[in-house]
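Chains as they are written, first to last, in the numbering used here: chain A, 12 to 612; chain B, 150 to 454; chain C, 1215 to 1598.
Read the hints as simulated data drawn from the structure, not as lab findings.
Virtual Cβ for every residue (Gly too), placed ideally from N, Cα, C.
Some clues are possibly wrong.
On the chain A side, residues computed to face chain B include the following (Cβ under 7 angstroms) [said to hold, decoys possible]:
1. Asn-45
2. Phe-338
3. Thr-538
4. Glu-539
5. Phe-594
As a list, the in silico BS3-like pairs of lysine-lysine whose alpha-carbon atoms are at most 30 angstroms apart [what the hints assert, rightly or not]:
6. A:Lys-410 to A:Lys-428
7. C:Lys-1436 to A:Lys-27
8. B:Lys-418 to A:Lys-512
9. A:Lys-22 to C:Lys-1409
10. A:Lys-16 to A:Lys-46
11. B:Lys-156 to A:Lys-573
12. A:Lys-573 to B:Lys-380
Listed below are several chain B residues computed to face chain A (Cβ distance under 8 angstroms; list not exhaustive) [to be verified]:
13. Ala-166
14. Glu-169
15. Gly-174
16. Thr-307
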Amino acid sequence: MAVKKRSDLSKPYDFKTWHDITPMNISAGTMLHNKTGSWRTIKPVFEDKMPACQNACPAGNDIEGWIKLLQQGEYEKAYWHLKREEPFPSILGRVCFRFCEEACNRVSLDDHVSISALERFIGDRGAQSAPHPDLPEYNGKSMAVVGSGPAGMSAAYYGRLLGFRVAIFEKLQVMGGVLRVGIPEYRLPRKIITAEFEGLKAMGIELKPGTAIGKDISLEELRGRYDYIFLATGAHGNRKLNMEGEDKSRRIMSGLEMLRKVALGEEVEFGSNVAVIGGGNTAIDVARTALRMGSSVTVIYRRSENEMPANPEEVMEAREEGVEFRFLAAPERVELNDDGSIRKLICCEMELGPADESGRKRPVKKDGALFDVKTDSILTAIGEVPVLDYLKGIAGTEKDMVAVNDTLMVNTEGNGKIFAGGDIIDIPRTVVNAVASGKKAAIAIDCDYRGTDFGDVVKKISIGNGPALSFSTYMNWKPAVPRNIHLVVDSEKIVYDYFEKSPRVMQKTGDAKTRKSSFNAYSETFTEDDAQQEASRCMHCGRCIECDNCLIFCPDMSVLPKGDGHFGYEFDYDYCKGCGICFTECPRHAITMVREEEGDK
Amino acid sequence: MERTTQKMIEIPRDVMAGEELWQPGVLSCQGCGASLALKLALKGLGRRTVVVIPACCMSIIVGSYPYSASQVPLLHVPFETAAAAASGIRAALDVREEKDVVVMAWAGDGGTFDIGLQALSGAAERNDDILYVCYDNEAYMNTGIQRSGATPAGAWTTTTPGEAIKEEPKKDIEKIMLSHGIPYMATASVAYPADIYTKFRKARSIKGTKFIHMLSPCPPGWQIDSADSIKVSRMATQSKVFPIYEVEDGRYTINVYPERKVTVKDYVKPQGRFRYMTDDIISAAQELVDRKWENLTGMANFKAP
Amino acid sequence: MRQLLKGNYAAAEGARLCRVKVISAYPITPQTSIVERLSEICASGELDAKFIKVESEHSAMATLVGASSAGVRTFTATSSNGLLLMHEVLHWVAGARLPIVMTNVNRAVSGGWNIWADQTDSISQRDTGWLQIYCESSQEVLDSVIMAYRLAEKILMPVMLTYDAFFLSHTTEVVDVPDIERVDEFLPPYRPDFKLDIDNPRMFGGLISPDYFYEHRYTVHKASLEALNYYPEVCREFKDVFGREYDVTEEYRIDDAELVVVTAGTITSVARITVDKMREAGKKIGLMKLRVFRPAPVDLWRNVLGNVAKVVVIDRNLSPGLGGVFADEIQAALYPLETRPLIYPVVAGLGGRDVTPADIEGIINHALSSDDPAGAPLFWGLKQ
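Okay, chain A solo, but in the shape it has when bound:
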C-alpha cells in the first residue's frame, strides 16, 4: 500500500574501530532496522466477519452493511444493498419475525437495535419502481412460479436476477398470497404490496393473477411451457379442531378464511362475541380483525402465555385494544341450536405436562374440569395446512407437505423440473423463511441450469452457521472489503466496555383506542432523525468502522491507517510482535489472529 516502508528508513551504524565510538556515547540512528516482526508466532489480520444478526436471519440479510450506508445518509444505496439478500424491506420491515433482533449482540448491553424498524425506514424511502441496478440479460431459460406469496415473490426476484424469464401464477385476483389475504391491513397495508409487485413487473417479471393451477391451467401444461417450476402455494387450509360439531355451523369458521374474506372485501358473517381458538400470530390477527369489525373477542389457548408462539408485542397490543385471553383451555365440544347458531362452547381446563417434540410442555386435559364459554362465533386458528390437490399423481407428500430433497427439488419424472418452497415444505412458517426458501430455490435452479453441484455451492455461500445463503457471494458482487461469512461474532466476542448504554428508539404507535377504531396502519415509519439515532446504536459487530482502537493500543506502532482516502488500516508486519492486544481491544472482533506460516514472515 501507500505507506513507505519504515524499515527502509533505517541504516545500521558502521562500526569498525574504537575511533567509531560516538562522542559522549550519543545515538547514531534509530531502531527501525530491528524488525521485531521476526519474534511472532501468530499475527493479526483484518477480517470482517458475520454479525450475529445476519447469522440469525434465515435470509442472511446483510443488516450491518445497509445500516452503515444509512448512517452515511446513502439511503438509496442502503436500499439496493438490503435488497441483495432480502428483496422486500417495506414488507419484512412490518411483518418479520425478527430473528435478528433476538440475536442482536446489543441485548447483552441494554436492548436490541430496532433492525426491523430501520429496514422499514429504508424500504419506505426506497424507490421500488426505480430500475434495478443489477438486471442481467436473459439466459434463455424460463421459470414459472406458482403462488404469489413471499416465497414465490422471492424466487421470482432472484430468478430474474439470475437471468431467467419469470412468470408468477396466482389463483386469486390479487397478488401477494398470505401477505395479501392472511395478514391484516393494519399490519401490512395493501398499497405496500401493490408497490412491490410494480417493482417486480418493472424488472420484467410477468404477473398472472386469477390463474389457478389445476383449474385454469394444468401442472402438465406448465411443465411443457416452462423449463423450471417453483411451487409456492402456501398453507391456506385450516387445521381442523376435530371437535364435535365443528362442521355443523356457519358460525364456526376457519380464521384464515375470515381473514381472506375481509382482505378481499367479501362478506363475512360472524357474531359480536367471538372466541378465537389458537395462540399463534394468526390467532392474534384474527382476534384483532374481529375486534375492529366491532366484536368483543376472547382468545382461547391450550397452553400458558409463556408458550404462546405469537409475537409478544402483538399480544400486548391486542390486550391493550381489549382482546381477552383465556389460557390453559381447549375446546371440548360445541352445542348448537337448530338454526346452526351456537348455544355454548364447552371447554376443558388444561395443565402442562412433559415437553413434546417442539420442546414445549404438552398440554394435558384436567379430568372433569369442563366449563362453558358464552360465544356466538368461533374462529379456529390452530394451524395452517397446505392444499396440494394439484399435485395428485405428480408428486408425493409427507406430513401434509411436499417432500423435497436438499436442492428443494420435488421428486417427479418428466420435463419441467419442479422445485418447491415456502409454507408447503417443512421449514419454519415465517415470511422471512419463505423469502429465504425462494432465494435458495432460485440458486438451486441456477445450479441445475449450469450443471454445478449445489452442495458445493452451499458450502461456499452459507452464512455463519447456516442455513441462510448469501446471494451476493453467489453472484460475486463485491462488498467494500472481503467478508468472512463463515465466522460469526456472537456476544462473547464483543467488548461491551467500549459501548455506552442508549435507550432504544421506538416507532410511534398510536394508542389502543385509536388503533382499534380502524384498519389503518397504526405505527409510523421512523423519521430520519429517529432512524439515524437508532442506527447509531448498531455496534457493527465483526466489521471495522475505523474506531482507531487498534491504532491507539498497539505498543509497537505497527498499526498504520491506510490514508489517502482509503478505508481502514494495515499492519506493519516488519515490527508487529503478534501480542494480540489489537485483537482483544477491537470492540467488534474485526481482527483475527492467524498462525504465522513457515517462511511467511
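Fit chains B and C to the given chain A structure using the hints.
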C-alpha cells in the same frame, strides 16, 4: 465517522497517525504496557520534550547503543537518580533560556518507590519544574520479576515465592507525593489512553513538580496473556484497585468512574501472579479497596459546609 | 586583586570566575563554607547561576549529569563520605564524558568518624576515570579551578581538585584573585558539540553491548591520557596570562638530589621547608610534588625519579591490606626501568595527624640511614 454509541477514545486521528516520536523496533516484550505508555505520553507532550531514563525496563526497550527508538532527546542516568538528573536538566535549560520544553523523568516502580525515592522526594520538596512519571508494573521486572515496594500484597514474585507471597501492602506513592505539596499529582493507565493524552497535555503548562503514577501491565511479570494486557489493566480500574484520578493544587477529581461492577476476585483471577491468594486474603483486599475508594470519593466530592 | 582567602573561599571564587551556570551541592564538613559562599553570591546575583540544593551528594552529582548533558558549565564540591556517596555517579560521569569540575576537600573516610585531613577519600576514587589534581595552597586551588575547566571542556573528562581538610580549607592565605574579564579571555564559554537538544534529538548513553563496550572504555582511557599532552599547554598559557606557573608534577631542587621526597597536598609545603633546611646542612635532598595523580603521569615519574638513588613517598592515605597508594603506584611505574631507586613508602598524617618539619626530617633521615626499606610501609608517628 458516523454517530455511534461506542465510547470513542478521544485522541485526534492526526495526532495518532502523525509524527512518530516513539518508533517501532523497540525491545519490549509482546504486550508491554511501558512501551505503549511512552508512545501515548509523547503524543500528549509533543517534540519539545527531554526524557530522562534511569535503570528500568525502558533503558533496554529504547534500544541498545548506538540506536534509539526515541525521536526526542533522551538521557540515560543511574538507577536512583531520575528526579535529580531531571532537576539538573531543567536548571540547564532555564540557563539556556530554552522556552517551553518539558523535562520528563520516566522511571519504573523500583526507581520511584524504592531506590529512587530519596531523589524524588528532594526534587518534589524543592518543587523543581519537572514531570516525573512512574510507569508501575508492580515489581522489579527488568531484573526478572523481584518484589518492590509497589508490589501489591498477595503477589508472587521471584523474591516472594509461593510459600512467602508478599504480605505488605503496596506503598502509597500517591499520598507520599501529595505530602510534598506538589501542584499536580495524577494516576493514569494504559487502558485509558484519552485520559493519558489529556493529562500529559495538561502537564505541559503546569509549573512545579508534577507526578503521574501510571499503571503499566507486564505480561511476563503478571503472568497474563500478552493479548489481555489492556483488558486486565482496565479491570484494575474497574475494580477500583487502581483508581484514576488527579489532584491539582489539592483539589481531587476522579477521572474514571467504573461503570461495570468488577470485584477484586475478578481482577486477580486471570493473573498468574495472584494464584496463591487465598479467599481470606482476597476478602481482606476487597475491604481495603472499598475503604480506599470511599475515602477517595469523599475527597473528590467534599464541599466545605 | 589580592585578598585573604581560606581554601574553601578560593574554590568558590574559582567557580565564580569561571561563570559556572549550574551548581548542585550538599553540605559536609569541612566543605560547607564553599556552598555557603556560593549560595551568597548566587543569591546576590554576583554569580549568575542556578544553585540546586539537593538532598544528598549522590543527587548532587546526578543533577550535574543532567545539567552538563544539557550543555552548561557545572560545579560541585564535597568531601570524604559525600564523595563516597557519589561513587556510582562518578563512574557514570567519566563514562559519559561530561566536563564537570569538582573540588573535594580531602577528609578521612568513616567507619569511625573523622573530619580532618586525609587523602583516602579521593584516592579511593582513582578508578572512576575522574582526573585528579592535588593542591597545596589556596592560590593553587583558585587557579586550578580555572585551568580545570579549560582542560575538562577540551578533552571532555571530569576533573577533581583536592586539598586538605582544615589545613587548607579553613586556613587563610593571601590569594591573588584575577579580574573576571581576564578569566573570560582565558576560559571561553562552554559550547559543546553535543548536548540534549530538541533540534538534534539524540539518546545519551544506553546499553552498550560487549560488541562496543571495550572500545568505549578504551576511549575513556585515551581521553584521560590526553590530559598529559594538553594540560602542560594549559599551564603554559595560564602562566602567560596570569603569571603563575603550574605543571603536571613540580620538582624542587631535584637536579643533584640523592634522595627525593614525593608528597601531595599541604605536606608539600612542610616538605619544601624541610628540604631547604636539610640542603643547608649539606644533604642532597629534593622534592617532587605529586600534582596530577590521574591520569598517572608514569613517564614523568620515571624521568624525574628514575635516576635518583632513593625516593621517599609520603602517603596521607592508607589502602588497608596494601599500604599507601602513591607509593604503590610510583613503585609500579618505576618497575620497568633498568635502574630503579630504592623506594621508601611512608604513611603519615592520617585523619588530620599533624606532619611537622621535624616529622619530615625524621622520615628523610630514616631513609638516608637505611639501605633497605624493609617492613614497608613505614607507619610514621604510629603510637605503638
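Now for the hints, and whether the structure bears them out:
no., hint, in the structure
1, Asn-45, "4 angstroms, holds"
2, Phe-338, "38 angstroms, violated"
3, Thr-538, "15 angstroms, violated"
4, Glu-539, "13 angstroms, violated"
5, Phe-594, "6 angstroms, holds"
6, A:Lys-410 to A:Lys-428, "22 angstroms, holds"
7, C:Lys-1436 to A:Lys-27, "17 angstroms, holds"
8, B:Lys-418 to A:Lys-512, "27 angstroms, holds"
9, A:Lys-22 to C:Lys-1409, "23 angstroms, holds"
10, A:Lys-16 to A:Lys-46, "12 angstroms, holds"
11, B:Lys-156 to A:Lys-573, "23 angstroms, holds"
12, A:Lys-573 to B:Lys-380, "26 angstroms, holds"
13, Ala-166, "5 angstroms, holds"
14, Glu-169, "6 angstroms, holds"
15, Gly-174, "3 angstroms, holds"
16, Thr-307, "23 angstroms, violated"
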